[in-house]
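Line by line, the protein sequences give chains A and B.
When the letters of the first sequence are read in order and numbered with the numbering used here, they come out as residues 1 to 328.
When the letters of the second sequence are read in order and numbered with the numbering used here, they come out as residues 329 to 621.
Source of the hints: derived by calculation from the structure; they are not laboratory data.
Take every hint as true, because none was put in to throw you off.
Estimated spans, in silico, between C-beta atoms of each pair: (1) LYS451(B) - ARG34(A): 20 to 26 Å; (2) MET532(B) - GLY185(A): 53 to 59 Å; (3) ILE358(B) - SER35(A): 54 to 60 Å.
Beta carbons: idealized from backbone N, C-alpha and C, even for Gly.
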Amino acid sequence: MTSTPLKGSDLTAGPLADGTATSVRPRRLPRRGRSAPYWFLVPAVLLFAAFTVVPIGYAVWLSLHKVQVKGIGLGKGARQQVWNGIGNYTAVFEDSEFGHSVLRAFGYGLIVIPTMLGLALVFALMLDTPQARSAKFARLAIFLPYAVPGIIAALMWGFLYLPTVSPFYYLLREFNLPQPDLFDGGNLYLSFANIAVWGGTGFNMIVIYTALRAIPQEIYEAAKIDGASDLKIALRIKIPIVLPSLVLTFFFSVIATLQVFTEPMALKPLTNGLSSSWSPLMAIYDAAFLRSDIYGASATAVVLALATFALSFTLLRISDRYTREDRA
Amino acid sequence: MTPLTLTAVDPRTAPAKPKRTALVPTLVLILGSLYCLIPVIWVVIAASKGRGELFSTFTFAPGTGFLDNFKELSSYRNGIYWQWMANSLFYAGGGALLSAAVSAAAGYALGRFAFKGREFVFKLMLAGVLVPSIVLTVPQYLLLSKMGLADSYWSMLLPSILSPYGVYLVRIYAAASVPNELLEAARMDGASEWRIFSRIAVPMMMPGLITVFLFQFVGIWNNFLLPYVMLADDNKFPITLGLYTLLNQGASQPALYTLVIMGCFLAILPLIALFLVIQRFWSLDLLSGSVKA
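Work out the full structure, taking the sequences as your base and the hints as a guide.
Written as structure tokens, this is what we have:
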């Protein structure tokens, strides 16, 4: 592993990152203090072991076992955990419901990610236009949804999707326009996607905007003297420079998309058209707690984790190649 | 350098700087603000509507039932709503405080010391970010329930303490803001490593630590999956899970809708207030190192 997942952010972290680059190698300590860093790391390492390493190990162990019921399954020792090899894993790949949930998550991601990052980029570029009015207010307003818990955002939007209380439906009724059912089939994807876009755009906008602010103003002035328009400056100078932060936000958005859980969970009570295994996380939760199959659920979770890792490293490899070409 | 300074001083050669408002960017930003504010405005107005008004009056017309809704929500099941609120405050406040402390120690060690295994520990922790939350939460629940800790305050608090982002942010912050010369000088004076950390490093890293605290606070406050898996007793629910169960019951009886809406309004109020007051303290350039859960 040549790069950490957060490498790209060094470019957006501005002066702090520069500081790290120059002074990250401290001198060796005198013998007396050699053990100090290890002591400082103890709480973090213990927590990491207890709440990350051990649970992962336990999940892997569970995924390779199953329960065997002896006799009629009553009494002590009637239910035993026995080795199941890759049995649970083959079951995961035969389970079309899980496959569908992954496809649904990808479909949802195909809507959310380009919209959210596109809007975030546009807003960040607009904020960075010196003559734009109300920029300060807009920056706060667009970032505000970050402070709203995902589940509450989903509840609020859920009400806004309900024809009886929604202002949008009120307008549609007034103008005698067709009223779509936002909880139906394909519209469901748009309904979920809208909630995620609403909640995530501001955060990504700030990340990109911070990268834009780090660009020295002289570049723009030079380009202006050469007769470049604002649009041209945005397309030819600003976007290429903030590309690393776009890659970073894309990377985290993809990971978040695979883990979509809150929005469909929140809207589920409002509609009947939503299966309890709509997204991969819901499918795992469903298996673990509603069907009490923690072994199968663990295997599914491990598959999801491995897929996330594979996807992450592929994305990092691609972004690494891009940045290297830039340097050449 | 010289021509640039000249253009800045001499108005004749300076590029014409249009002082007029740029129409398209302003319009786009206003539309974006509206999109982001509409649900919030709606929930404020809807919270003021009585049961009858919610379904009969125009959605953006304020109602008359604000106080009644408030009283009804407060007395719902002996004020369990405020219990949820207090729980959220406890989980988010306590978890974020502990998280900032653990991140401070670990980030300082990683950012200011050269030692064997440093990069390994750091990269391993960062890789933890990539693990899907459910992969951790389900076995965490199973293990904690074996220890009799599931459905307890501990089951919410303990898994929320370690934040790889927090460690990452403090590492960057420590490396940039705590000069080695100062640490060396303190060592020459015979100060213990703990004393150097607590008396010199922590105060200097404070802005970074506040940022870590705030991120973790928002992260825990907004977390839904962890309480959903860990907790069964609704007296221990945080506000997110409490409102969710309230809506689940209300789905069959729209009479509860007004309570849920009032609950949403009150739940986002403290976070938005906190957010507006402290946004000047956030090191937003550190934002890129963290991400919304």
